[in-house]
Amino acid sequence: MAGKTLHDKLWDDHVVHQDDDGTCLLYIDCHLVHEVTSPQAFEGLRLAGRTPWRADANLAVPDHNIPTTNREAGITDPVSKLQVETLGRNTGDFGILQFDVDDPRQGIVHVIGPEQGATLPGMTVVCGDSHTSTHGALAALAFGIGTSEVEHVLATQCLLQKKSRNMRVWVNGELTAGVTAKDVILAIIGTIGTAGGTGYAIEYAGSAISDLSVEGRMTICNMTIEAGARAGLIACDDKTVDFVAGRPYAPKGENWERARLAWQTLHSDHDAVFDREVSLRAEDIDPQVTWGTSPEMVVPISGNVPDPSQQTDPDRREWHGRALAYMGLEPGTPMRDVAIDKVFIGSCTNGRIEDLRDAARVVQGRRVASNVVLAMVVPGSGLVKQQAEREGLHRIFQEAGFEWREPGCSMCLAMNADRLQPGERCASTSNRNFEGRQGRGGRTHLVSPGMAAAAAVAGHFIDVRDLH
Amino acid sequence: MEKFTRMTELVVPLDRSNVDTDAIIPKQYLKSIKRTGFGPNLFDDWRYLDPGEPGQDHSKRRLNPDFILNQERYRHAKILLARQNFGCGSSREHAPWALLDFGIQAMIAPSFADIFYNNCFKNGLLPVILSADKVNQLFFECGATTGYRLTVDLEAQTVTTPEGQMFPFEIDPARKHRLLNGLDDIAMTLDHTDAICAYEARQRQQAPWLFSGFGS
Ligand code: SF4
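Chains as they are written, first to last, in the numbering used here: chain B, 1 to 468; chain U, 469 to 684.
It is possible that some hints are incorrect.
The calculated lysine-lysine pairs, modelled on DSSO-like cross-linking and capped at a C-alpha distance of 30 Å, are [claimed, not checked]: (1) 602/U x 546/U; (2) 644/U x 9/B; (3) 528/U x 163/B; (4) 162/B x 528/U.
Hint data in this document are derived by calculation from the structure and do not stem from the laboratory.
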């Protein structure tokens, strides 16, 4: 019999019950909750007279709606305010731990899970948010769910699921200096497309993946959903264990020793069979920048805006043409010639301390270009912010002309006041460049933190390696 | 949950691929703490010429006459015809809620994004997958015929054109059963309470650190 993939092992460990047709009742170890996708779930619980199955397996935090400036003044938008207050009331009523807006541990749900040791190797982790795939970097089975499923997990600590197929993406070789995890995942999405992973759980493997820090691995797994797969996974190794050690909710004492042993099995067996395998060479990956309205519309920084008329498939031709019209770009334009108006460094993709360090290195001793009307850094959590301030990164950014904000989702999806105006062009370290994502009519180009910083100082896209 | 059995209804063709959930229901409407009322904001950026905010009187906004859902002949459509990878992006269940609130009860496309597909079933909205060729044919016929209606029969797993041409579709039997009977997932899962408790007891022995809990 063939060996098991990491995904197989995590899955098998959590099956409570299996129906004849393969539908499984899957046990959920950790449920993360935020303000946007939970109110209707709590309302559903109340209406049915149910209570949480295991209140202490849930951790809640407001992140999508909250302001990134002048927090003392509270939330001015009454609709946002009600939603954030509703989370407070619901978690209070049902005995669920919440880090509220004033808590130093508050931050983007996918940043604080690993930061707190709340999400651990070997766990099943879910959240009403598609970027839950982030936590797979810790060798956990983590995926996003809808609000009905949020209610289902609250009420039963389980989910009804069918198993995804296994896919593995190899990235072997060595990344060149200045090329980061963000470039790797954009290159992968550029290769397999935004539907390339539909129906699969994707495991990332190869020397370039093991060489990444755990934070970099989170960036990769985070954007797995942009490749169409709900879950991304990376095997547990010494780096994973070191990353988890000592975190507030990580196992302690005897439990730590037992957990560490158990985690050693969290990798795919050498004879495991995958349904699909894809391979990229690390050396072939240059810094990436998206040109369109889908993450797969991506080119290396040396590339040009593609010409839709070169597309043979009429559907794609139409799609690319529409994207270029929305983005206000001409075919053939070198990406380096594309000038920007705003810069956003943050989000659950690139709002961790290493991301801020990467950007600060580029910015140090330089100024934001005069054509850039706003450049902002939004740390992924209160603790990331504190750490960055200890290292003096905030001063580097501020001296260069960046705004240094409070933690949250911010302009990743522009649910709060941080947004693009129609026609504005943004170099963004977030994960989605959909129409209107950062504000109606706004134009988003996805890049790594270093590339965003480089664009900020140059006023247009530029190869970050030219600034090193 | 509402049952879904069989219907013969007007079809609206949305000729775009990779329609994401941000487009289906823009983020400013996600601030609602309700499940209903999203219909007027379905495809908001495409449907209206002026920017939309929650709490606005949407009947006073300027409609984009070019957008397909605004055309009189598609006003009362209950079936949405779409292209590949419909519903990609964010996991927001507000997307199926908005479609349902608008009046859409079934969708036909060559493929749907995973989370969206799953969310539809939780709300009694039926996503039907047909091959790209067949979807193409339906787009063609729908564009060419005013008042184009399709019959979607979940029990028989077929889509039937006005000419009587019948296309079978695949669907997961368990999902079909739940949708046909309008069953509540949570109640069904709670029938397995003993199995869940037994699993927890076993895991507490094997991996006690998973039960330390966050407290509150
Ligand atoms: S940072 Fe962006 S992608 Fe991440 S959870 Fe927040 S809104 Fe979603």
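Checked hints:
1. Between residue 602/U and residue 546/U the CA atoms are separated by roughly 19 Å; this keeps the pair inside 30 Å, and the hint holds.
2. Between the alpha carbons of residue 644/U and residue 9/B the distance comes to roughly 29 Å, so the proposed pair stays at or under 30 Å and holds.
3. A hinted pair counts as satisfied when its Cα atoms are at most 30 Å apart, and residue 528/U with residue 163/B does not qualify at roughly 47 Å.
4. Simply put, residue 162/B and residue 528/U have alpha-carbon atoms about 45 Å apart, too far for the 30 Å limit, and the pair is violated.
In summary, the numbered hints that this structure violates are 3 and 4.
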